[in-house]
Amino acid sequence: MSRQLSIDVAIIGGGLVGSSAALALRGMGFTVALLDQGYCGAQASGVNYGGVRRQGRPIEQLPLSQRAHAVWPRLQALIGIDGEFLRSGHLKLARSEVDMATLEAYARETAEQGLDLELIGHNGLRERFGWIDEGVVGGSFCGGDGHANPRLVSTGFAAAARRAGVHVLENTPVHGVTRSGEGFALEAGGGLSLASRFVLNCAGAWAGPFAESFGEPVPLTRIYPSMVVTEPTEKVMSVNIGMEGGGIYARQVERGNLVVGGERALPLANADFSRPRGEGALAIMNNAAALFPGLRHLQAIRFWSGTEGAMPDRNPVISPSLTTPGLIHAFGFTGAGFQIAPGVGEVLAELVRDGQTQTPIAAFSIGRFAATSARTDAGSGAGQNQEPNQAGEIRS
Amino acid sequence: MPLLHRIARKDHRPIGFVLDGAPCEGREGDTLLTAILAQRERLRASDFSGEPRAGFCQMGACQDCWVALENGERLRACSTALVAGMRIVTGQRRAA
Amino acid sequence: MSERPQPLIVGAGPAGIRAAQALVAAGLRPLVVDEAPACGGQIYRQRLVPDGRSSRDLYGSEAVKAEALHRDFAALAGRLDYWPQSLLWNLRDGRADIMAEGTSRQVAYDGLVLATGATDRILPIPGWTLPGVFTLGGAQIALKSQGCAIGNRIVFLGSGPLLYLVAWQHMKAGVAVAAVLDTAPFSAKFNLLRGLPLFPEIVLRGMRMTAELRLAGVALHYGVGDVRILGEERVEGIAWGAAGSERRLPCDGIGYGLALRSETQLADLAGCRFAFNARDRAFLPERDAAGRTSMPGVYLAGDGAGIAGADAAERAGELAALALLEDRGLPHDAARAQVLEAELARIGHFREVLESAFPFPPHWATAVADETMLCRCEEVRAGEVRRAVAGFGVHELNRLKAVSRVGMGRCQGRICGAAAAELLAHETGRDLAAVGRLRSQAPVKPIPLTLALDAHREAAE
Numbered sequence: 366m367s368r369q370l371s372i373d374v375a376i377i378g379g380g381l382v383g384s385s386a387a388l389a390l391r392g393m394g395f396t397v398a399l400l401d402q403g404y405c406g407a408q409a410s411g412v413n414y415g416g417v418r419r420q421g422r423p424i425e426q427l428p429l430s431q432r433a434h435a436v437w438p439r440l441q442a443l444i445g446i447d448g449e450f451l452r453s454g455h456l457k458l459a460r461s462e463v464d465m466a467t468l469e470a471y472a473r474e475t476a477e478q479g480l481d482l483e484l485i486g487h488n489g490l491r492e493r494f495g496w497i498d499e500g501v502v503g504g505s506f507c508g509g510d511g512h513a514n515p516r517l518v519s520t521g522f523a524a525a526a527r528r529a530g531v532h533v534l535e536n537t538p539v540h541g542v543t544r545s546g547e548g549f550a551l552e553a554g555g556g557l558s559l560a561s562r563f564v565l566n567c568a569g570a571w572a573g574p575f576a577e578s579f580g581e582p583v584p585l586t587r588i589y590p591s592m593v594v595t596e597p598t599e600k601v602m603s604v605n606i607g608m609e610g611g612g613i614y615a616r617q618v619e620r621g622n623l624v625v626g627g628e629r630a631l632p633l634a635n636a637d638f639s640r641p642r643g644e645g646a647l648a649i650m651n652n653a654a655a656l657f658p659g660l661r662h663l664q665a666i667r668f669w670s671g672t673e674g675a676m677p678d679r680n681p682v683i684s685p686s687l688t689t690p691g692l693i694h695a696f697g698f699t700g701a702g703f704q705i706a707p708g709v710g711e712v713l714a715e716l717v718r719d720g721q722t723q724t725p726i727a728a729f730s731i732g733r734f735a736a737t738s739a740r741t742d743a744g745s746g747a748g749q750n751q752e753p754n755q756a757g758e759i760r761s
Numbered sequence: 011m012p013l014l015h016r017i018a019r020k021d022h023r024p025i026g027f028v029l030d031g032a033p034c035e036g037r038e039g040d041t042l043l044t045a046i047l048a049q050r051e052r053l054r055a056s057d058f059s060g061e062p063r064a065g066f067c068q069m070g071a072c073q074d075c076w077v078a079l080e081n082g083e084r085l086r087a088c089s090t091a092l093v094a095g096m097r098i099v100t101g102q103r104r105a106a
Numbered sequence: 475m476s477e478r479p480q481p482l483i484v485g486a487g488p489a490g491i492r493a494a495q496a497l498v499a500a501g502l503r504p505l506v507v508d509e510a511p512a513c514g515g516q517i518y519r520q521r522l523v524p525d526g527r528s529s530r531d532l533y534g535s536e537a538v539k540a541e542a543l544h545r546d547f548a549a550l551a552g553r554l555d556y557w558p559q560s561l562l563w564n565l566r567d568g569r570a571d572i573m574a575e576g577t578s579r580q581v582a583y584d585g586l587v588l589a590t591g592a593t594d595r596i597l598p599i600p601g602w603t604l605p606g607v608f609t610l611g612g613a614q615i616a617l618k619s620q621g622c623a624i625g626n627r628i629v630f631l632g633s634g635p636l637l638y639l640v641a642w643q644h645m646k647a648g649v650a651v652a653a654v655l656d657t658a659p660f661s662a663k664f665n666l667l668r669g670l671p672l673f674p675e676i677v678l679r680g681m682r683m684t685a686e687l688r689l690a691g692v693a694l695h696y697g698v699g700d701v702r703i704l705g706e707e708r709v710e711g712i713a714w715g716a717a718g719s720e721r722r723l724p725c726d727g728i729g730y731g732l733a734l735r736s737e738t739q740l741a742d743l744a745g746c747r748f749a750f751n752a753r754d755r756a757f758l759p760e761r762d763a764a765g766r767t768s769m770p771g772v773y774l775a776g777d778g779a780g781i782a783g784a785d786a787a788e789r790a791g792e793l794a795a796l797a798l799l800e801d802r803g804l805p806h807d808a809a810r811a812q813v814l815e816a817e818l819a820r821i822g823h824f825r826e827v828l829e830s831a832f833p834f835p836p837h838w839a840t841a842v843a844d845e846t847m848l849c850r851c852e853e854v855r856a857g858e859v860r861r862a863v864a865g866f867g868v869h870e871l872n873r874l875k876a877v878s879r880v881g882m883g884r885c886q887g888r889i890c891g892a893a894a895a896e897l898l899a900h901e902t903g904r905d906l907a908a909v910g911r912l913r914s915q916a917p918v919k920p921i922p923l924t925l926a927l928d929a930h931r932e933a934a935e
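Just so you know, the sequences run in chain order Z, A and G.
The first sequence begins at 366 in our numbering and counts up by one.
The second sequence begins at 11 in our numbering and counts up by one.
The third sequence begins at 475 in our numbering and counts up by one.
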């Protein structure tokens with residue numbers, strides 16, 4: 366069976382970045398195909414922790430993060446569901462005075478960025494967040510941050526794109542992309558051939574080979590963040606919790622379940638999939654019991670993990686190709702893509718329409734690896750045993 | 011009226027426990043589920059709508075019979091043997 | 475002896491016991507992990523304390539088998555390791571995470587026999603979450619293991635051999651059985667005659683039970699549909715459709731089940747390949763006649779590998795153990811394996827007969843009302859599932875779970891998974907096989923946040 370499809374923009378990867386770009390492009394009048402080798406939103410975009418957090422990001426990400434920040438409250442209008450987005454605030458905790466100093470320094474550096482960070486000392490924590498273990502020294506609170514349900518948000522963007530007229534093609538892996546005249550020819554699963562003027566490489570942990578095939582190898586690796594969810598309980602945690610230096614992040618959803626992450630999982634025999642290690646899951650659980658003493662009797666009911674693309678400098682690639690006009694990359698979010706993804710989608714749409722964007726993205730150029738010997742190390746599971754740290758916090 | 015009716019072990023040794031603050035008696039050989047449902051007709055409230063529930067599979071599969079001790083510890087009633095002095099809480103309906 | 479880790483058997487029911495016995499007979503020292511406090515599985519479950527009733531009272535015609543299994547397992551003491559009241563909650567890379575005596579131990583194994591059994595298969599109907607409604611298996615456990623009746627006037631509802639067995643056991647115990655409501659038509663029972671040449675004693679026993687129920691004045695209704703369980707705070711009655719009108723019956727306890735479904739979570743975590751089984755209407759781990767899975771060193775036995783009953787489980791347990799011995803290059807009784815395979819094949823044929831006599835209700839997914847609770851953990855109603863299917867355009871079961879929460883709660887879809895698959899297939903116009911299966915996730919049952927890893931405990935001394 367062979368089919369042909371001719372569109373303006375072909376998007377490889379139906380995660381949150383690809384889906385939100387598809388929706389934005391369709392809104393501008395482009396014809397769009399969104400291709401996913403599996404199901405849209407079924408990988409890192411849909412199984413991440415669900416933190417909607419600006420606080421803690423590298424300063425170069427903040428303009429983009431602020432742009433996305435404006436999208437989150439509009440989800441209902443944009444995709445027809447609110448995605449359980451809750452502007453709860455994000456509280457980043459410090460275990461020690463040294464960590465507290467790091468939080469203070471971050472607040473100073475980002476003072477002009479509009480995060481409105483509030484530094485809270487030990488006594489303040491006891492008064493306002495008495496459910497946190499009293500050994501915590503202090504914290505930094507970002508009242509405008511929050512959390513949302515990734516399962517709904519990523520699937521919801523893809524569903525909205527489909528309703529808007531995007532050709533959403535699931536279970537359709539892209540086998541090859543080549544330059545063809547002024548545009549591109551794509552060979553995909555099911556005997557599908559596509560012709561497009563633009564290609565967006567939003568393939569997450571699978572993006573490396575596409576970049577490399579256009580002469581742009583990248584040092585993309587994979588990480589497998591681990592998550593635990595508990596049974597529901599009465600509402601205790603009012604804010605999304607992070608920890609300076611990493612190790613644990615936690616939130617309580619409106620229905621009452623705690624979602625806690627921190628350790629790294631290991632890939633399965635098929636390295637596209639992963640599952641938490643038993644001892645890693647226990648470590649997450651024990652950490653949560655210690656940090657939230659009043660919730661220590663909860664039962665863990667499910668663990669999960671996802672496959673995420675990671676870059677060595679922990680910044681994503683969001684960049685027009687330097688070798689091929691019409692090709693744009695957006696991948697490698699290194700465990701921190703969920704909040705900014707809807708902003709990235711808008712930026713990608715502008716890059717297609719205008720060839721430029723007002724949002725600064727120079728720091729995310731694919732050219733920044735040209736000097737180093739780039740090496741794609743797909744499936745190695747590299748970084749799995751690293752202590753999770755600030756930027757490695759999965760998508761919070 | 012209780013949900014379960016004893017047809018054996020009626021005269022086994024009584025085992026005292028506390029159910030939602032009130033002293034109760036089960037029998038030696040009881041699971042928590044039996045001890046509670048031989049007293050009353052519900053075991054817990056469902057998590058989200060607060061519907062009455064009283065277990066379902068009795069073999070540790072459906073997970074619909076979790077109760078708590080007063081100290082917060084969770085117990086699956088169908089697969090936990092009654093121990094004298096247990097202080098069981100069932101009425102933990104979550105705040106809406 | 476070699477330095478290889480010991481084989482691990484999960485489940486101490488008929489399959490696990492016979493597997494353990496065969497491994498011990500060959501000189502191996504298996505570790506048997508079981509959630510229950512005593513061996514026997516669900517069907518031959520033991521009481522926590524003696525209660526004056528005999529084995530005959532508890533297990534009826536199967537008392538001899540039950541006693542033999544309990545006795546034979548007890549006789550293995552000292553030659554195996556046995557962890558009762560222990561939950562194997564995760565499997566990875568040849569290691570098992572097991573919660574036992576309040577801590578979690580990581581155990582390396584060489585050879586894994588999964589004898590994880592089955593639970594009742596359920597299709598949700600209005601009122602099924604009310605206090606007083608239990609599975610058929612649950613009602614049977616209350617009666618046999620706890621010496622309790624789930625009501626003073628009980629209705630048994632559903633289909634499958636267990637329906638009549640459990641009703642009969644209650645009647646024999648002196649409990650008032652108000653009615654047996656069989657969702658299958660009476661005409662289906664004629665199929666049982668085809669089973670006569672295979673297992674005459676089982677067919678005749680079933681007929682005798684039915685006759686005794688009738689003689690005792692228990693109403694038997696066939697082809698029952700449109701069932702509603704009545705009551706606000708607990709079961710007060712049951713209503714069903716018959717010949718165009720609604721019939722009602724007051725009752726205070728209901729046992730419900732539509733045959734059984736396999737517990738396959740651990741096979742999934744072990745990495746076994748699954749295939750759709752049309753007879754059981756479920757994805758089951760693939761296995762050969764001896765119980766070998768797609769994963770080397772992982773074996774399946776008993777109802778956890780497909781529903782076949784306790785007699786088959788005993789044979790499959792022994793056979794899986796023989797396969798494990800053969801694969802290890804150890805002496806094993808090949809002639810015995812052939813006999814067991816032949817017996818299992820005969821039971822398999824009989825299973826086909828039973829399936830035709832107790833067929834799966836064909837129109838549930840069409841008829842289930844939007845208000846009916848589908849997932850009792852997450853409290854997701856059928857209408858919410860229908861809206862999620864339409865709104866998100868999903869047509870695969872894990873995607874449905876992601877957007878609707880069906881199967882996401884404490885039980886991980888054990889109870890609602892089969893129904894969710896039926897409903898998704900119906901709503902999308904796809905085959906049941908095409909909507910896939912819920913991927914299993916650790917922990918297979920809830921474990922406390924404070925569960926500590928006990929690094930110093932080893933499986934074998």
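Hint data in this document are derived by calculation from the structure and do not stem from the laboratory.
It should be emphasised that the depicted structure is a prediction, and the values quoted were computed from it without experimental measurement.
Think of the CB as a built atom: it goes at the ideal place given N, C-alpha and C, for glycine as much as any other residue.
Be careful, since some hints might not be right.
[Said to hold, decoys possible] Partial list, derived from the structure: chain A residues whose beta carbon lies under 10 Å from chain Z: (1) Phe58; (2) Leu79; (3) Arg84.
Checked hints:
Because the smallest distance between the Cβ of A/Phe58 and any Cβ of chain Z comes to about 7 Å, under 10 Å, the interface hint for this residue holds. Hint on A/Leu79 holds. Least Cβ distance to chain Z is approximately 9 Å, under the 10 Å limit. Given hint, A/Arg84 at the interface with chain Z, holds; its Cβ is 6 Å from that chain's nearest Cβ, closer than 10 Å.
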